[in-house]
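Please take these sequences and the hints and turn them into a complete structure.
Here's the letter readout for the chains.
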Amino acid sequence: MKRIKSIALAACMLTAGAISAVGLSACSTADYTVGILQLVEHSALDAATEGFRDALQARMDAAGKTVKFDYQNAQNETAACSTIANKFARGYDLILANATPALQACANSTTSVPILGTSVTLYSSALGLKDFDDNDPAATTGINVSGTSDLAPLADQAQMILDLFPEAEKVGLLYCTAESNSDYQVAQVAEYLAEKGVASERYSFTDSNDISAVAMRAASESDVIYIPTDNTAASNSALIDGICRPAGVPVIAGEEGICSGCGVATLSISYYNLGVKTGGMAADILLDGKKVSEMPVQKITKEECSYLYNAEICEDLGITPPQGYKAIGE
Amino acid sequence: MCEKRPMLELKGVGKTFNRGSVNEKVALKDFDLTVEEGEFLTVIGGNGAGKSTFMNVVCGTYPVDEGKIFLGGHDVTRLPEYRRAKYLGRVFQDPMMGTSPDMEIQENLALAYRRGKVRSLMPGIRKAEKEFFRTQLARLGLGLEERMTVKAGLLSGGQRQSLTLLMATLKKPDLLLLDEHTAALDPKTAAKVLAFTEEIAAENKLTTVMVTHNMADAIRCGNRLIMMQEGRIIYDVSGEEKKSLTVEDLLERFRASAGELSDRMILS
Amino acid sequence: MGFLSALPGAIALGLIWGLMAIGVYITYKVLDFADLTVDGSICTGGAVCAVLVTAGVNVWVAMLAALLAGAAAGLLTGVFHTLMGIPAILSGILTQLILWSVNLKIMGQANLSVSARTYGVVISQLEAGWAILILFGFVSVIIGLLYWFFGTELGCGIRATGNNPNMSRAQGINVGLNKIIGLMISNALVALAGALLVQYQGFADINMGRGAIVIGLAAVIIGEALVNLICRNFAVRLAGVALGGIIYYIVYQLVIELGMDTDLLKMLSALVVAIFLAIPYWKKRYFSGFHRKKAAKEPPAPPPEGGETAAQEPPAAAPLQGGQSDV
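Residue numbers (our numbering), protein chains in the order written: chain E, 1 to 330; chain Y, 1001 to 1268; chain Z, 2001 to 2327.
One or more of the hints may lead you astray.
Here are the simulated EDC-like pairs of lysine to aspartate or glutamate, each with C-alpha atoms no more than 20 Å apart in a straight line [stated by the list, open to error]:
| hint | chain 1 | residue 1 | chain 2 | residue 2 |
| --- | --- | --- | --- | --- |
| 1 | E | K290 | E | D61 |
| 2 | Z | K2029 | Y | D1102 |
| 3 | Y | K1127 | Z | E2153 |
| 4 | Z | K2105 | E | E201 |
| 5 | Y | K1205 | Y | E1252 |
| 6 | E | K68 | Z | D2261 |
| 7 | Z | K2284 | Y | D1102 |
| 8 | Z | K2105 | E | D61 |
| 9 | Y | K1086 | Z | E2153 |
| 10 | E | K68 | Z | E2257 |
| 11 | Y | K1117 | Z | E2153 |
Pulled a few chain Y residues facing chain Z out of the computed Cβ check, cut under 7 Å [as the list claims (entries may be wrong)]:
| hint | residue |
| --- | --- |
| 12 | G1072 |
| 13 | E1081 |
| 14 | Y1082 |
| 15 | K1086 |
| 16 | R1090 |
| 17 | M1097 |
| 18 | G1098 |
| 19 | D1102 |
| 20 | L1111 |
| 21 | R1115 |
| 22 | S1120 |
| 23 | A1216 |
Note that these hints are calculated values from the structure, not bench results.
Here the structure is a predicted model, which means the values were calculated and not measured.
Think of the CB as a built atom: it goes at the ideal place given N, C-alpha and C, for glycine as much as any other residue.
See below:
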């Protein structure tokens, strides 16, 4: 009997909590309902979501329509993505899937609701599409998925290393193997460097506990370190800075967040702008009736990126910020 | 007298705990003992006399430091506990220890019935066995034969000790080891369990070693008695001489050896 | 209404995690071994299955391989514990760490797509109803196999090992070996659940095992609490565990449908687990207190009729049913 009571108690607690929460999310009669599934709270992903909302809201306002956003965060539990996607797959007008596992879960939950991905690097591998060419700007998935890719202009970033440090003989590539897309970025940069006759070596760690040991070795063996767009590196940029700066080894980062933590300079895409771009696509689908399967996956071009430098680290290392670079935060 | 073979032999067994530390304790010292087939040996001794260590080295709970142990003629000195189980039936002091509480009475018996055999993917309990278990349980006179699918954890301490005793002897062991198996029971229950012990040992002519705190029991049961102190045997009596023993005699022995001990301690 | 249409998806996911929870049940309840290997082995199963399926191997072969990989993970934990004398929880954590690296090496990357649109998988969230049927078949067959196995001589020995290792050794049971076998079976099932999960959600990810043990324990505990009232048959209890997984995911789906703050989800599930874990402990305290009071009121009577009935009722008999709270 006690057990029944306890179960009932626990169930009541859950329902009570749920009902009090539902009270806060007011019932809506919006023209469109958009589900946003974000993998984890993270400055880059947050910026993309924000850009998406702002852009879509603006287009909706202009068209005199209303939109309701249902934002769900999977707390980095990939298993939670499926449950959230299961909700969005029914009765929603559009889904924004922010980060690779979020997109995968959504794409595996519905073949009818249009899905837009963002903060996804390679759509071919994320969706298992063998015929999709990530480097073709006009490539469409052919299924109910499109979106934007956060693939950085890697060749330009690699060239940046050569421009800023012409006498560098060896570039250390520091990244996390447990990140979806770091391996690809590092391979591309290494290839570019090799073409230009500069040696590079990979220094990979598997989680945040290994970072300091790996970073120390990278710092002692390299003239310059390159870090791609890598979430684990981003979360631990202060740790990396604490190793590389005293060693006097400059870091070129794949994006602004890492650069502000431990980098000297970056050619960074803006996740907010990436979100804005995705929001525009969403408006095209909802308001203009465009078909998601026929919309090419969009990328950020070099022109949309900004050359940035970290003033504090540059000064410490005695590096003069190059022409045309903006200090981060200005 | 006909030739009897030794079922348990300990030759020069030594066991010291915490060797080399301030807590060093010599539990068994150059310990020799031979128990013949069919003998019922009772073991008494004060706390720290080495009774438990003696039992545990026979079972294989502790490895010995030196010496050899033979069970039914096999050298088991290096065998792990579970492999010696083939030769041993054991009943523990703690009624909780001898049975598997979440398993049915008949499942416990079936486990015991397979002691010393390789456990295969054949059914854990067979229909024919159930009948056999039922008749065996009926001998306990506790009505357990009607409750064969009840979990052993629901039995009382006395019931569990009786069940454990049955489990220990279901397959005739070379040696039955009883480690103060009635100490945790109330006197009436203890007497019952002890009576059943004697009955089952006599019936199957089991070679038995029973450690006990109760001197009257030690005198009354069995045909040989040893008294232990300081990891050695200080008194070994059997046959007619044992039958005529009284508790007073044993207490006298205790005092004498204790006195001898303290004399020695003073002299050294 | 939206919730009802989302039910099939929740039930399918619940069945997958229910299968995983059956694996947890074997270690946690049968073997009395708090095994944390599962956070790693679920991903190992998923990774092996994903790699083989994307390489064009038949999906059933891939699932079999995942099963074996999980068994190997269990073997490792078992060896750490029995041959190297490392405490149970630490053994599991060590294997979990090893598996993080192993899983990365298996996949060669952190994330691998096994989209149902490209590969011939058995189940997918795209067809949740169909998935439920297949998963129901899986769970039924596995419960049947486990019911048979734990009734064999070997299986009984494993149950005894978890229940009373002292008695088991005295009955000639190789406790260490049995623990290893139990861990292998458990992790094989967990890995199979991982292989099914990967197909269902359409991708394998290095992080997919995160928090798996909590979901598994939640399912075990909810299931035990429900089914113990009705029936104590082993197969029914296993079915109860699968049901626990389904209930967990229906509640989870409900929480998400209602738009509750997902930031709180982890805390909520952990709290629910904590409450259910506390029930046997509270029960024990309540009951033993009750007994003491009652005993104090009555005069110290001589042993009741029949000698060995109520007099020696061991105090630990009751909590053994409810699960040890030493985790």
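Hint check:
1. In summary, the hint linking K290(E) to D61(E) is supported, as the alpha carbons are separated by about 19 Å, within the 20 Å threshold.
2. The straight-line distance between the Cα atoms of K2029(Z) and D1102(Y) is roughly 11 Å, inside the 20 Å bound, and the hint therefore holds.
3. Pair hint K1127(Y) plus E2153(Z) holds up; C-alpha atoms about 14 Å apart against a cutoff of 20 Å.
4. For the hint pairing K2105(Z) with E201(E), the CA-to-CA distance comes to about 19 Å; that is within 20 Å, so the pair holds.
5. A C-alpha spacing of about 32 Å is found between K1205(Y) and E1252(Y), which places the hinted pair above 20 Å, so the restraint is violated.
6. Between K68(E) and D2261(Z) the CA atoms are separated by roughly 16 Å; this keeps the pair inside 20 Å, and the hint holds.
7. Our distance criterion of 20 Å between C-alpha atoms is met by K2284(Z) and D1102(Y), whose separation comes to about 17 Å.
8. The straight-line distance between the Cα atoms of K2105(Z) and D61(E) is roughly 49 Å, outside the 20 Å bound, and the hint therefore fails.
9. Distance check on the hinted pair: K1086(Y) and E2153(Z) sit about 16 Å apart at the alpha-carbon level, within 20 Å; holds.
10. For the proposed pair K68(E) and E2257(Z), the alpha carbon gap of about 15 Å is at most 20 Å, so the pair holds.
11. Simply put, K1117(Y) and E2153(Z) have alpha-carbon atoms about 10 Å apart, close enough for the 20 Å limit, and the pair holds.
12. Violation of the interface hint for G1072(Y) is found here, the shortest Cβ-Cβ separation to chain Z being roughly 14 Å, above the 7 Å cut-off.
13. For E1081(Y), the suggested interface contact is upheld, since its CB lies about 5 Å from the closest CB of chain Z, less than 7 Å.
14. With a cut of 7 Å, the hint placing Y1082(Y) at the interface with chain Z holds, because the nearest CB-to-CB distance is about 5 Å.
15. Nearest Cβ of chain Z to the Cβ of K1086(Y): about 6 Å, under the 7 Å cut. The hint holds.
16. Because the smallest distance between the Cβ of R1090(Y) and any Cβ of chain Z comes to about 5 Å, under 7 Å, the interface hint for this residue holds.
17. Annotation: interface hint on M1097(Y) holds; nearest CB of chain Z at approximately 5 Å, less than 7 Å.
18. Against a cut-off of 7 Å between C-beta atoms, the interface hint on G1098(Y) holds, since the closest Cβ of chain Z lies about 6 Å away.
19. The beta carbon of D1102(Y) comes within 5 Å of a beta carbon in chain Z, closer than 7 Å, and the hint placing it at the interface holds.
20. Annotation: interface hint on L1111(Y) holds; nearest CB of chain Z at approximately 5 Å, less than 7 Å.
21. Taken as an interface hint, R1115(Y) checks out: its beta carbon lies about 4 Å from the nearest beta carbon of chain Z, inside 7 Å.
22. Against a cut-off of 7 Å between C-beta atoms, the interface hint on S1120(Y) holds, since the closest Cβ of chain Z lies about 5 Å away.
23. Annotation: interface hint on A1216(Y) violated; nearest CB of chain Z at approximately 19 Å, more than 7 Å.
Checked against the numbered hints above, the structure breaks hints 5, 8, 12, 23 and satisfies the rest.
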